[in-house]
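Q: So the protein lines, in turn, are chains Z and R. First residue of the first sequence: 1, per my numbering; consecutive thereafter. First residue of the second sequence: 1, per my numbering; consecutive thereafter.
Calculated directly from the structure, the hints in this document are not laboratory data. The C-beta atom is built at its ideal place from N, Cα and C for all residues, glycine as well. Hints may be right or wrong, so weigh each one.
Over the 10 Å line for every Cβ pair with chain Z, so calculated as not near, a few chain R residues [what the hints assert, rightly or not]:
#1 VAL4
#2 VAL12
#3 THR20
#4 ARG22
#5 SER27
#6 ALA67
#7 LYS78
#8 PHE91
#9 GLY100
Straight-line alpha carbon distances no greater than 35 Å define the calculated DSBU-like cross-link-like pairs of lysine-lysine that follow [unchecked claim]:
#10 Z:LYS56 <-> Z:LYS110
#11 Z:LYS57 <-> R:LYS24
#12 R:LYS68 <-> Z:LYS70
#13 Z:LYS59 <-> R:LYS24
#14 Z:LYS59 <-> Z:LYS110
#15 Z:LYS70 <-> Z:LYS59
#16 R:LYS78 <-> R:LYS68
#17 Z:LYS56 <-> R:LYS24
#18 R:LYS24 <-> R:LYS78
#19 Z:LYS70 <-> Z:LYS57
#20 Z:LYS70 <-> Z:LYS56
#21 Z:LYS110 <-> Z:LYS70
#22 R:LYS24 <-> R:LYS68
#23 R:LYS24 <-> Z:LYS70
#24 Z:LYS110 <-> Z:LYS57
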Amino acid sequence: TQLLEQSPQFLSIQEGENLTVYCNSSSVFSSLQWYRQEPGEGPVLLVTVVTGGEVKKLKRLTFQFGDARKDSSLHITAAQPGDTGLYLCAGARNAGNMLTFGGGTRLMVKP
Amino acid sequence: DAGVIQSPRHEVTEMGQEVTLRCKPISGHNSLFWYRQTMMRGLELLIYFNNNVPIDDSGMPEDRFSAKMPNASFSTLKIQPSEPRDSAVYFCASKSAVYGYTFGSGTRLTVV
Chain Z
1 TQLLEQSPQF LSIQEGENLT VYCNSSSVFS SLQWYRQEPG EGPVLLVTVV
51 TGGEVKKLKR LTFQFGDARK DSSLHITAAQ PGDTGLYLCA GARNAGNMLT
101 FGGGTRLMVK P
Chain R
1 DAGVIQSPRH EVTEMGQEVT LRCKPISGHN SLFWYRQTMM RGLELLIYFN
51 NNVPIDDSGM PEDRFSAKMP NASFSTLKIQ PSEPRDSAVY FCASKSAVYG
101 YTFGSGTRLT VV
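Take these sequences, add in the hints, and give me the full structure.
A: Structural data, given as structure tokens:
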């Protein structure tokens, strides 16, 4: 059982559609990060959220941290084929630097 | 900045052989992490170092796995003897307080 549960696990959509990916846990995290990973490469950090209720925007991507700091969501507006990849959420506890990763959401955006 | 550099990119070895994976973190980053990624288990933290000192190795699966960081610019992850179930992509990441985590491109290990 993953400490961080991501849903959906797989998502295939058409270019121009909107989508939301969820990251849920029963544990509280001091911060939560979202990464995107492409085949043959390591995860690349997209954003870090640290405050309950925080919303951050990165172009067409909107990230939200739950009020209780147990969950997060990533919303993509008008998805493009370049958004295709594996999206990972990762939580850090107060214990230090350690990150616990969710299982990931594999997104495919078809032209 | 060349980022986190891992070598080799691909390694194929026979069961029972020793495997050594290498990582050069970003200069100035004081934390280094080793992760393993598989389809079944996702990304799992194996061990991490702060200022070259191992802090938590509870994720290291067995005594066959060992990691060292002799200085701030180099770390190794060794598997001896290797087994087919060790096949995975192994990532090294370094972290700074300002810029957060940066992952290397990984080493794809296949043990046959």
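Q: Are the hints correct? Go through all of them and say.
A: To see whether the hints hold, each was checked on the structure:
no. : hint                 : verdict
1   : VAL4                 : violated, 8 Å
2   : VAL12                : holds, 16 Å
3   : THR20                : holds, 19 Å
4   : ARG22                : holds, 15 Å
5   : SER27                : holds, 18 Å
6   : ALA67                : holds, 15 Å
7   : LYS78                : holds, 20 Å
8   : PHE91                : violated, 5 Å
9   : GLY100               : violated, 5 Å
10  : Z:LYS56 <-> Z:LYS110 : holds, 26 Å
11  : Z:LYS57 <-> R:LYS24  : holds, 32 Å
12  : R:LYS68 <-> Z:LYS70  : holds, 34 Å
13  : Z:LYS59 <-> R:LYS24  : holds, 32 Å
14  : Z:LYS59 <-> Z:LYS110 : holds, 20 Å
15  : Z:LYS70 <-> Z:LYS59  : holds, 25 Å
16  : R:LYS78 <-> R:LYS68  : holds, 9 Å
17  : Z:LYS56 <-> R:LYS24  : holds, 32 Å
18  : R:LYS24 <-> R:LYS78  : holds, 15 Å
19  : Z:LYS70 <-> Z:LYS57  : holds, 19 Å
20  : Z:LYS70 <-> Z:LYS56  : holds, 17 Å
21  : Z:LYS110 <-> Z:LYS70 : holds, 32 Å
22  : R:LYS24 <-> R:LYS68  : holds, 12 Å
23  : R:LYS24 <-> Z:LYS70  : holds, 34 Å
24  : Z:LYS110 <-> Z:LYS57 : holds, 23 Å
Checked against the numbered hints above, the structure violates hints 1, 8 and 9; every other hint is satisfied.
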